[in-house]
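So you can see what is in the structure, the chains are spelled out below.
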Amino acid sequence: MFKCVLKYRILLFFSVICITACVSDIDFSQSESLTISPTLDASVIYFDTPASTFVGEGEEQTIVRDSVNVDVFTDAFIVDNVAKVLFLFEATNTINRNFQAQVDLLDQANVLQHTFTFSVAASLNQEEILAEHLEIFENQSLQAFKQTTKLVITLTLMPSNDGSILTEDSPGNLQFRSKATFYLNIDSST
Amino acid sequence: MLLLITTCCVCFSQNKQLLYGFHDIPQTLLINPGAPVANDGYIGIPFLSHIHANIGMSNLTIYDIFVDDGRDFNSKLKEAIYAMKDTDYFAVNQQLDLFSAGFAFGKGFEKNKYISFGMYKETNAFIYFPKDYATLAYEGNHQNINRIFDLSDLNLSGEMLAVFHLGFNKKVNKKLSYGLRGKIYSSIFNVNATKNSGTFQTTVGENNFLNHQFYLDLEVQTTGFKSLLDDENSELSNDINTIMKRAFFGGNLGLGLDIGFTYNFTEQWVLEASVQDVGFINYKKDVENFKLDGNLRFEGINPLFPKSGEGQTAEEYWDAVEADFEELFKIDTTNTKYTLAKPIKFNAVLQYAFGKKNNKECNCLAVQEAYKNRVGAHLFLMQRPRKPQAALTAFYYRRLLSNLGIKTSYTLDSYSFSNVGMALSANIKNVNFYIAVDNLLKYKNLAKAQSVSLQLGFNYIFKSNEN
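Those protein sequence lines, which keep their order, are chains E and U.
Using the working numbering, the letters of the first sequence correspond one by one to residues 1 to 190.
Using the working numbering, the letters of the second sequence correspond one by one to residues 1 to 467.
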């Protein structure tokens, strides 16, 4: 009799565990509000060009220009998740001339979506003259950014104060560095 | 309750600390082929003789993330992610006996040899927490300049297979028993990505603000998925047929061996040890591997400002850069066969029996079975890609009645330091029933448990020596 009671007690104990085992205070629907906000840095454009770039066939070239195709900005992931973009440009000039740098953002149809310019001061004694420009893409400019497939960089040589012109032998370089910072907001509910 | 049933069905850990050394249960022979045998024969009730499931997460519980405490979900998730290391893991192991049986034989009155055999289905998944990928996804590289993101953090494996086994056990003398079990593995699915390497790093550049460096050597090997996923007729019954064929030697095969012994130093001091799954599976049918391999340093795009009518422009240059990136992230698919060793499991138990039962009811084969109580220590080790999984258990076994044994255990492992488990085995007439549950302290709220494990089964026993 005692044995029987003991056996049933133990079976009862296991049954109780099985019945009382539960999961409480848990709300899985919270995962719907999952948001992650990483910040990505990427190198964009760089160059280091001598003064002679602005001389062609013995004559000064006032404007040099090149373009870069980019298909990353229109990528669905960027379009859906990027909340803000910063473009940081830094120019280091050792040429004795003022420059103006212009960056145009063009869409697939080569239509201008956004543009910005900044100036770089002349270097008198080949000391390094720094110029920085930060372009912030938010709201409307961000929409323009997300349609961009081509960047056009135009460097304009400004007239010198003393009337001198650049020649093949003019000293100095114009150095450019740039990076983009993408602020992402990846939201699982969208 | 439904959840409980689900949990029960998923609840047998690779570490069967409750079952090991519980000789009343015929399935102990599956963990130690050299365990003392306590019956003259048994037949496992088909599909019910051994149901084992275990789910475990080291360093994390469902409760940590999903607790309904009004705090922001994202901050809870972030805390959890930051607390985890790249050696933390998520593991699932499930075993289901389809059939099993055993019988004793030998000359003379005391049959000292035992054959056991059967087939079980096993599912395993083992996934390391991809720490650096999570950090990169969470923070990006902006605040992690110079940090090396280790891409080997992608480390996972999973498989489903059928195992056919035949074991031999011999009691050499009063002191020593040993046993062997040969296995044929018949793989149904496999996925393996355990040998990845590579880094991603953003440093201060030479020519530009930043230099991005990619070193990628990543591979995921799979078998068994391609034909099912490519299947043009998507009828489930066809897929089930394919899976059944694979379970019965139609897929990728492998061989394995278990080996174990029991040694009685004295009537009361006993050592038991075994090694399981020394073997391999050769994957050659229906293989599909995905490989990502390449190096790239990227500082940006360098416009050339071509003078009119001269050379390459940056547009062409960009096309080349784009091609580099496409090449870098191009996934190569191959069908190269591969062979994987099964992760080896090791168990050892040292136990002491006491409280002799002066009862004619027991004429047990194993000398030690004559004692009412046993206490002992149990070490479990299992090979894992990064470092072995280890668990140390202290246990107490008590024979309450001639046909009822109970075992409680306290386990220290990578999941927790407070895992208390309990198992019981009862013989009612010729039917043996056993159940083992783990992490009892967490049963009030399973979501707080880092691991849960449950095993149960029914067997028909011939002339159990316990009766």
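Among the hints, erroneous ones may be present.
[Claimed, not checked] Listed below are the simulated DSSO-like cross-link pairs for lysine-lysine, each with C-alpha atoms no more than 30 Å apart in a straight line: (1) U:Lys330 to U:Lys285; (2) U:Lys131 to E:Lys84; (3) U:Lys356 to E:Lys84; (4) E:Lys84 to U:Lys111; (5) U:Lys170 to U:Lys356; (6) E:Lys84 to U:Lys330.
[What the hints assert, rightly or not] Some chain E residues judged to face chain U by a derived CB distance under 8 Å, without partners named: (7) Phe28; (8) Gln30; (9) Asp41; (10) Ile45; (11) Tyr46; (12) Ala51; (13) Ile63; (14) Phe118; (15) Leu142; (16) Arg177; (17) Thr181.
Worth flagging that the hints you see were computed from the coordinates, not collected in a lab.
Using N, Cα and C, we set each Cβ at its ideal position, and we do this for glycine too.
How the hints compare with the structure:
| no. | hint | verdict |
| --- | --- | --- |
| 1 | U:Lys330 to U:Lys285 | holds (24 Å) |
| 2 | U:Lys131 to E:Lys84 | holds (26 Å) |
| 3 | U:Lys356 to E:Lys84 | violated (77 Å) |
| 4 | E:Lys84 to U:Lys111 | violated (80 Å) |
| 5 | U:Lys170 to U:Lys356 | holds (25 Å) |
| 6 | E:Lys84 to U:Lys330 | holds (29 Å) |
| 7 | Phe28 | holds (6 Å) |
| 8 | Gln30 | holds (4 Å) |
| 9 | Asp41 | holds (5 Å) |
| 10 | Ile45 | holds (5 Å) |
| 11 | Tyr46 | holds (4 Å) |
| 12 | Ala51 | violated (12 Å) |
| 13 | Ile63 | violated (10 Å) |
| 14 | Phe118 | violated (16 Å) |
| 15 | Leu142 | violated (18 Å) |
| 16 | Arg177 | holds (5 Å) |
| 17 | Thr181 | holds (6 Å) |
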